[in-house]
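Let chain Z serve as the given structure and place chain E on it in line with the hints.
For the record, the sequence lines run as chains Z and E.
When we follow this note's numbering, the leftmost residue of the first sequence carries the number 840, and every step to the right adds one.
When we follow this note's numbering, the leftmost residue of the second sequence carries the number 162, and every step to the right adds one.
No lab work stands behind these hints: they were computed from the structure.
All values derive from a computational prediction rather than experimental measurement.
For each residue, glycine too, the CB sits at the ideal point set by N, CA and C.
So these bits of chain E aren't anywhere near chain Z, every CB distance computed over 12 Å:
#1 E178
#2 F204
#3 E239
#4 Y263
#5 K270
Pairwise CB distance ranges (calculated):
#6 E:L248 <-> Z:D909: 29 to 35 Å
#7 E:G255 <-> Z:S848: 32 to 38 Å
#8 E:D167 <-> Z:A852: 18 to 24 Å
#9 E:K165 <-> Z:V959: 32 to 38 Å
#10 Z:E872 <-> E:G202: 42 to 48 Å
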Amino acid sequence: MATVELTFSALPAHVRTARLVATAIARRTGVEESLLDEVRLAVGEACSRAVEAHRAHCPGEPIRIELKDDSGRFEVTVSDQAPSDEIKQEQPLDLGMLSDSFMSGFGIAVIAGLADDVEVFPSPKGMRIRMSWPAATNGHLR
Amino acid sequence: MDLKLDHRTEDRLTIVEVEGEIDVYTAPRLRELLIDLVNKGNFHLLVNMEKVDFLDSTGLGVLVGGLKRVRAHDGSLELVCTQERILKIFRITGLTKVFGIYASVDEAKEAHGKDK
Numbered sequence: 840m841a842t843v844e845l846t847f848s849a850l851p852a853h854v855r856t857a858r859l860v861a862t863a864i865a866r867r868t869g870v871e872e873s874l875l876d877e878v879r880l881a882v883g884e885a886c887s888r889a890v891e892a893h894r895a896h897c898p899g900e901p902i903r904i905e906l907k908d909d910s911g912r913f914e915v916t917v918s919d920q921a922p923s924d925e926i927k928q929e930q931p932l933d934l935g936m937l938s939d940s941f942m943s944g945f946g947i948a949v950i951a952g953l954a955d956d957v958e959v960f961p962s963p964k965g966m967r968i969r970m971s972w973p974a975a976t977n978g979h980l981r
Numbered sequence: 162m163d164l165k166l167d168h169r170t171e172d173r174l175t176i177v178e179v180e181g182e183i184d185v186y187t188a189p190r191l192r193e194l195l196i197d198l199v200n201k202g203n204f205h206l207l208v209n210m211e212k213v214d215f216l217d218s219t220g221l222g223v224l225v226g227g228l229k230r231v232r233a234h235d236g237s238l239e240l241v242c243t244q245e246r247i248l249k250i251f252r253i254t255g256l257t258k259v260f261g262i263y264a265s266v267d268e269a270k271e272a273h274g275k276d277k
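Next up, chain Z with everything else stripped away, as it sits in the complex:
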């Protein structure tokens, strides 16, 4: 099982870099071209959420991404260190309730709509979002 790890400081500018790295490794792992946009968007959402959470709670701490080629699946785990012991429940869309920065809960909803398989582990010590997509068994991340 090969793993690539990336840590970055909680700056919005680094989210694009994380997206690019994840997409490049997904391609190399054998994820279908048609799924790469979904990987790029889902990883971007997870990293954006983490950056916003760190900027609010612990701006000096790094965010960590782990990318794995695991038995025919490309798995990405984004871990932050900002307290997140509750996730806002999904609510019916009401424009009056939405604000410019409503992306926190919305981002996770977007990830759930994009990734083939998603698990969210909130905790007082940080949130971990694990997502995966099918990859060719003869991928090259070895």
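Only chain E this time, still in chain Z's reference frame:
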């Protein structure tokens, strides 16, 4: 790719041309432009997304914020978008029901003209 923004007014419709990536890093610039346009009395906005390579929920939040601002003045914020990868995020989030989405600037202008 960075974000390029431009705008022009035709009749009573302000067309905002967006090119590049709208994400957590670049979205604040789009937010500032939309706020500035509304503050200057432009309440009917058409955002052309045809050259947008990437849009995330931060960008969606900015568009929703813009929509709320123009609606406060009985205005409108509509979109031009035919790219499937961009439309997909609007569908996932249910925002296709919130925004008018057109296939071209001309089509949007025509619809806007009928509404006047």
